[in-house]
Amino acid sequence: MPKLRNFRIKIETGDPGTQGPVKFSINSHTLPLENVKGSPAAGQTLEGGFEVNSFAHSLTLVGPEEGRWNIKKMTVDYENEGAPPYLVAFGEVTLDETTEVNIWRDPPLPVYDV
Amino acid sequence: MRTLISILSANRSKSATSAEINKSGDGARTKSPAAEKSPPVAAPPTDPVPAKPLRRTVVQAPVLSADSGPNAPGADGILIKAQPAANKEQCVFMVNRSLFPGHSWWFPNFESAEGSALAEALFSVDGVESVLVHDSTVTVTRVDKSATDWLPLAQEVGAAIRGVLSSGAPVIAEKVVRGMPSEQSIREDIQRVIDTEVNPGVAGHGGRISLIGVKGNAVTIQMGGGCQGCSAADITLKMGIHNSFRKAVPMVGAIYDETDHAAGLNPYFSRG
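Protein sequence lines correspond, in order, to chains A and B. Note that the first sequence covers residues 1 to 114 in my numbering. Note that the second sequence covers residues 1001 to 1272 in my numbering.
Please note: incorrect hints may appear among the correct ones.
[Stated by the list, open to error] The calculated SDA-like cross-link candidates involving lysine to any residue, where the alpha carbons are at most 25 Å apart (straight line), are: (1) A:Lys23 x B:Val1058; (2) A:Lys72 x B:Leu1064; (3) A:Lys23 x A:Glu92; (4) B:Lys1088 x A:Asn80; (5) B:Lys1088 x A:Val114; (6) B:Lys1081 x B:Pro1152; (7) A:Lys73 x A:Tyr112; (8) A:Lys37 x A:Asp15; (9) B:Lys1247 x B:Thr1220; (10) A:Lys72 x A:Asp106; (11) B:Lys1247 x B:Pro1200; (12) A:Lys73 x A:Asp106; (13) A:Lys3 x B:Lys1088; (14) B:Lys1145 x A:Asp113; (15) A:Lys23 x B:Thr1057; (16) A:Lys73 x B:Thr1057; (17) B:Lys1088 x A:Glu81; (18) B:Lys1081 x A:Leu87; (19) B:Lys1088 x A:Val111; (20) A:Lys23 x A:Lys73; (21) B:Lys1088 x A:Thr98; (22) A:Lys10 x B:Val1058; (23) B:Lys1145 x B:Val1058; (24) A:Lys3 x B:Arg1246; (25) A:Lys10 x B:Lys1081; (26) B:Lys1145 x B:Arg1178; (27) B:Lys1145 x A:Val114; (28) A:Lys3 x B:Val1125; (29) B:Lys1088 x B:Val1125; (30) A:Lys3 x B:Gln1090; (31) A:Lys73 x B:Lys1247; (32) B:Lys1088 x A:Lys73; (33) B:Lys1081 x A:Pro85; (34) A:Lys3 x B:Pro1200; (35) B:Lys1088 x A:Asp106; (36) A:Lys10 x A:Thr98.
[Said to hold, decoys possible] Here are a few chain A residues that sit away from chain B, every Cβ distance over 12 Å (derived from the structure): (37) Gly17; (38) Ser25; (39) Ser39; (40) Ala42.
Derived from the structure by calculation, the hints contain no laboratory data. Bear in mind that the values here come from a model prediction, so they are computed numbers and not experimental data. For every residue, glycine included, the Cβ atom is placed at its ideal position computed from N, Cα and C.
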């Protein structure tokens, strides 16, 4: 498991949107995103991130405290220690007060042409 | 930008010095000793507050992979990409053509490869322990588990795959293809093994194994209860479940595990 230096997430909200602050959970610790730009309102785009510097056993985006939040697309940039940065794009998901969505993916494995 | 450790440390010290509000796990709040000394105030009528869930369910969003596939299926030449597994014991070779459409076959040793040109060629490569052919992929397990660099062996395996495909020899022996049982038959046999052998064995650890599906002769299972998130699950799966399945149902090909080891209501790795 690599050590996650930081991640940055871009969230494209569908309908319905939600109100901030947008929170994530790492290893079951829930925190607000930092350096946030934009909004999670319907049709808007929000960007934020966090400097983790720890091992990510789990990393999730937490649903709103009330109501539903439709996310059309998310892209997450990960920067791990000792490895090149990588990006993962996630498709549509709808969150509510009972759910959180997994946004952690291990770094891609190397591939050789043989 | 603050780091995770600094924020968690700050949160800990804040909760240690502030006795004003003690938020319990169910969202109830209690007053501090200082607040209790204040003159009594008529309590406002309390609205029933819906109980918040103690634990959220982790859902999965589909991954929109930009990588649409290792090889172009329509390419004239034989293209092979090798991807070593994270544990370095196995390497998956992805070929831009079908090798065994809709089915899979596991070759545990050279003797089992008789009549199957691809497996015969691969066992001729020094260092190959077992071979799994599934659709357009070949998974090779190597003998030397301590080696970490797959590239030299992968190049030899790639050359062997290319040689067999160029020759036009039958990839899988005719006797294997003819003897393939139905999905229903495999499903029933595997479920019986799970019910009578596997689950009674893992029940002592609070675990259970579920059959998710059978496609062709490939089996997908999921671990639950104490097996989920257990650091020994990989060993449990490989050593125990695979052996039980293959012994009782020899025509089983690939065996996949769809367990999300960080989710669930009672995983070994608790989310707190």
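Okay, the hints, checked on the actual structure:
Taken as a hint, the Lys23 of chain A and Val1058 of chain B pair is honoured in the structure, with Cα atoms around 14 Å apart against an allowance of 25 Å. Of the supplied pair hints, the one linking Lys72 of chain A and Leu1064 of chain B holds, its CA atoms being roughly 12 Å apart against a limit of 25 Å. Simply put, Lys23 of chain A and Glu92 of chain A have alpha-carbon atoms about 18 Å apart, close enough for the 25 Å limit, and the pair holds. With a C-alpha separation of about 20 Å, the suggested pair Lys1088 of chain B and Asn80 of chain A falls inside the 25 Å cut-off, and the hint holds.
A threshold of 25 Å between alpha carbons decides the hint, and for Lys1088 of chain B with Val114 of chain A the separation of about 17 Å falls inside it, so the pair holds. Taken as a hint, the Lys1081 of chain B and Pro1152 of chain B pair is honoured in the structure, with Cα atoms around 14 Å apart against an allowance of 25 Å. For the hint pairing Lys73 of chain A with Tyr112 of chain A, the CA-to-CA distance comes to about 30 Å; that exceeds 25 Å, so the pair is violated. A hinted pair counts as satisfied when its Cα atoms are at most 25 Å apart, and Lys37 of chain A with Asp15 of chain A qualifies at roughly 19 Å.
For the hint linking Lys1247 of chain B to Thr1220 of chain B, the alpha-carbon distance of about 17 Å falls within 25 Å, and the restraint holds. For a cut-off of 25 Å, the pair hint linking Lys72 of chain A to Asp106 of chain A stands: about 22 Å separates their Cα positions. Among the hinted pairs, Lys1247 of chain B with Pro1200 of chain B is consistent with the structure: their alpha-carbon atoms are about 17 Å apart, no more than 25 Å. About 19 Å separates the Cα atoms of Lys73 of chain A and Asp106 of chain A, which keeps this hinted pair within 25 Å; it holds.
Between Lys3 of chain A and Lys1088 of chain B the CA atoms are separated by roughly 19 Å; this keeps the pair inside 25 Å, and the hint holds. Proximity of Lys1145 of chain B to Asp113 of chain A is assessed by CA-CA distance (about 22 Å); at most 25 Å being required, the pair is judged to hold. Between Lys23 of chain A and Thr1057 of chain B the alpha-carbon distance is near 15 Å, which keeps this suggested pair within the 25 Å criterion. Of the pairs offered as hints, the one joining Lys73 of chain A and Thr1057 of chain B holds, with about 20 Å between alpha carbons and a cut-off of 25 Å not exceeded.
Of the pairs offered as hints, the one joining Lys1088 of chain B and Glu81 of chain A holds, with about 20 Å between alpha carbons and a cut-off of 25 Å not exceeded. Under the criterion of a C-alpha separation no larger than 25 Å, the hint pairing Lys1081 of chain B with Leu87 of chain A is consistent with the structure, at around 21 Å. With a C-alpha separation of about 13 Å, the suggested pairing of Lys1088 of chain B with Val111 of chain A holds against the 25 Å cut-off. With a C-alpha separation of about 17 Å, the suggested pair Lys23 of chain A and Lys73 of chain A falls inside the 25 Å cut-off, and the hint holds.
Restraint check for Lys1088 of chain B and Thr98 of chain A: the C-alpha separation of about 38 Å exceeds 25 Å, so the hint is violated. A hinted pair counts as satisfied when its Cα atoms are at most 25 Å apart, and Lys10 of chain A with Val1058 of chain B qualifies at roughly 19 Å. Annotation: proposed proximity of Lys1145 of chain B to Val1058 of chain B is violated, straight-line Cα distance about 35 Å (limit 25 Å). The hinted pair formed by Lys3 of chain A and Arg1246 of chain B fails the criterion: a straight-line CA distance of about 38 Å is larger than 25 Å.
For the given pair, Lys10 of chain A sits about 31 Å from Lys1081 of chain B by alpha-carbon distance, which is inconsistent with the 25 Å threshold. Using a Cα cut-off of 25 Å, the hinted pair Lys1145 of chain B and Arg1178 of chain B is violated, with the two alpha carbons roughly 34 Å apart. At roughly 21 Å between alpha-carbon atoms, Lys1145 of chain B and Val114 of chain A fall within 25 Å of each other, so this suggested pair holds. Between Lys3 of chain A and Val1125 of chain B, the direct Cα distance comes to roughly 37 Å. Violation of the 25 Å bound is thereby established for this hinted pair.
Restraint check for Lys1088 of chain B and Val1125 of chain B: the C-alpha separation of about 18 Å stays at or below 25 Å, so the hint holds. Distance check on the hinted pair: Lys3 of chain A and Gln1090 of chain B sit about 24 Å apart at the alpha-carbon level, within 25 Å; holds. A C-alpha spacing of about 45 Å is found between Lys73 of chain A and Lys1247 of chain B, which places the hinted pair above 25 Å, so the restraint is violated. Of the pairs offered as hints, the one joining Lys1088 of chain B and Lys73 of chain A is violated, with about 33 Å between alpha carbons and a cut-off of 25 Å exceeded.
Distance check on the hinted pair: Lys1081 of chain B and Pro85 of chain A sit about 22 Å apart at the alpha-carbon level, within 25 Å; holds. For a cut-off of 25 Å, the pair hint linking Lys3 of chain A to Pro1200 of chain B is broken: about 38 Å separates their Cα positions. A distance of roughly 15 Å separates the Cα atoms of Lys1088 of chain B and Asp106 of chain A; the hinted pair therefore holds under the 25 Å criterion. Under the criterion of a C-alpha separation no larger than 25 Å, the hint pairing Lys10 of chain A with Thr98 of chain A is consistent with the structure, at around 22 Å.
At roughly 17 Å, the least C-beta separation between Gly17 of chain A and chain B is larger than 12 Å, which holds for a residue marked as non-interface. Residue placement check: Ser25 of chain A does not keep its beta carbon more than 12 Å from all beta carbons of chain B (closest about 8 Å). Against the 12 Å criterion, Ser39 of chain A stays outside the reach of chain B, whose nearest CB is about 20 Å from its own CB. With a cut of 12 Å on Cβ distances, Ala42 of chain A stays outside the contact zone with chain B, its closest approach being about 18 Å.
Of the numbered hints listed earlier, those contradicted by the structure are 7, 21, 23, 24, 25, 26, 28, 31, 32, 34 and 38.
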